[in-house]
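Hey, can you work out the whole structure from these sequences and the hints?
Chains as they are written, first to last, in the UniProt record's numbering: chain A, 1 to 136; chain B, 1 to 136; chain C, 1 to 136; chain D, 1 to 136.
Fair warning: there could be bad hints in the mix.
[Claimed, not checked] Result set (DSS-like, lysine-lysine): computed pairs, CA atoms no more than 30 Å apart in a straight line: (1) K19/D to K4/B; (2) K4/B to K98/B; (3) K19/A to K4/C.
[Claimed, not checked] Listed next, the stretches of chain C that the computed footprint assigns to chain D, with coverage defined by at least 3 CB atoms under 8 Å from CB atoms of chain D: (4) 14–28; (5) 39–51; (6) 74–85; (7) 100–107.
Don't read these hints as lab results, they were simulated from the structure. Each residue gets a CB set at the ideal place from its N, CA and C atoms; glycine is no exception.
If you want the building blocks of each chain, they are given just below.
4 protein chains.
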Amino acid sequence: MATKEEITEFLASAFPQNKSIVEQVGNASATVIHPVGFDELRPGGTVSGPVMMTVADVALYVAILGEIGIVPLTVTTSLNINFLRKPSADRSIVGVCKLLKLGRTLAIGEVSIYSQGVAEPVAHAVGTYAIPPGSR
Amino acid sequence: MATKEEITEFLASAFPQNKSIVEQVGNASATVIHPVGFDELRPGGTVSGPVMMTVADVALYVAILGEIGIVPLTVTTSLNINFLRKPSADRSIVGVCKLLKLGRTLAIGEVSIYSQGVAEPVAHAVGTYAIPPGSR
Amino acid sequence: MATKEEITEFLASAFPQNKSIVEQVGNASATVIHPVGFDELRPGGTVSGPVMMTVADVALYVAILGEIGIVPLTVTTSLNINFLRKPSADRSIVGVCKLLKLGRTLAIGEVSIYSQGVAEPVAHAVGTYAIPPGSR
Amino acid sequence: MATKEEITEFLASAFPQNKSIVEQVGNASATVIHPVGFDELRPGGTVSGPVMMTVADVALYVAILGEIGIVPLTVTTSLNINFLRKPSADRSIVGVCKLLKLGRTLAIGEVSIYSQGVAEPVAHAVGTYAIPPGSR
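If you want it as structure tokens, here you go:
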């Protein structure tokens, strides 16, 4: 298992492009927060779809690392996302992941995605990661 | 209907963050190319999942605009992606979209994603866009 | 809005092939139970995938009808399902749906699928229904 | 590898409930045909969603068995389906599967689903099967 600090440090060194901040991790779950600025917006004053996909992907990755420890080569094998409501252009995007299954070589989780401080989700994703054999 | 030049110009002005280049559009299809550099890589010497999701999203958007003209508020409602093989770290990512259905308010398409010059796809996506009522 | 009794009666008359029993409906949610017998099993002593897909589809339909009333032409537009664990061959399949969004013409919900009496889900689905314009 | 005859015989003995007929198998592809009668219809004079999901699932299974031989415990791990057009109530449902990837323990394929004799697809699915380790 990896702590919030260990995962934050790992992301900073291995994924320097990553903008998501780890807010919580543990108990087969994770919460990450992605600030929204110029790079994240699209026409209509809303957050772009790929930003929300990225948040879903990172939230899943963090929840899994929280359970299995730092295994960098754990990779996404599938992601399914539904966009539910227009996100706010001036609020961070929050991803809340709950793992549905953590097997030896496969992990599946769902991620609810919010505009920070707004109750109803803006998107919902389900994703699968492959865990390298022998790493747990 | 919008041409390759019109869509390229629209993307440049409305999505200045976009890196994908429109290679082909028309006949309910589109091909876009996304260069791969530091920002696109992740541990293990491979292209990050969100880059491929972004390419799938843009390829779909371009294919739809090619049919319905420039309708900026056409937005993604769902995306499902499967990652099939490890992309090359030193090749651009190419997305080839074919629309499966173009309705009045909904468009669905599939996108095959490649490392440029490699025959087997690295990912496959299916996505849905909502078209604002009255725009076609 | 439709009650459990109204939906049960409607399913019996309009979907005579349906085997799922409505256990609960209301508050943007529904629970349905599908008995498991010869028709539902497959090699390996487990419940077939299509049975679980059917339960997901029916649970969503019931949750939506519970909110919008009996609108028979409400139809599935997409379904994504992940199979998590082997279901028990001698327990009913239970589908618990929570709606994520109920718009004027589109509803999205997630469904957790269980072998009755077992805590961990055997599958998880997310589906979308189109509601005929003007029916709400 | 398994032939059309071997797969047909296997389905008849292991899945006696199966109604899909194997029309073609080989070259990482398969075509199956499912007759449409009372059991397959739903209100509005159309084929029920679960029938199309079943056809997608069987077409994938047949395409995989065609490549790896009869491995009964190969099981679906995910399925994503989009419904595109209303199927005809008086035509069989045809599923045409092409495998996107055939790995040692995972196979992914896409399935186009038609009302027999109609050019435009009624649905499109992408699914994943897990192949038991050691079986290929």
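Honestly, which of those hints from before does the structure not fit? Violated hints: 1, 3, 7; rest satisfied.
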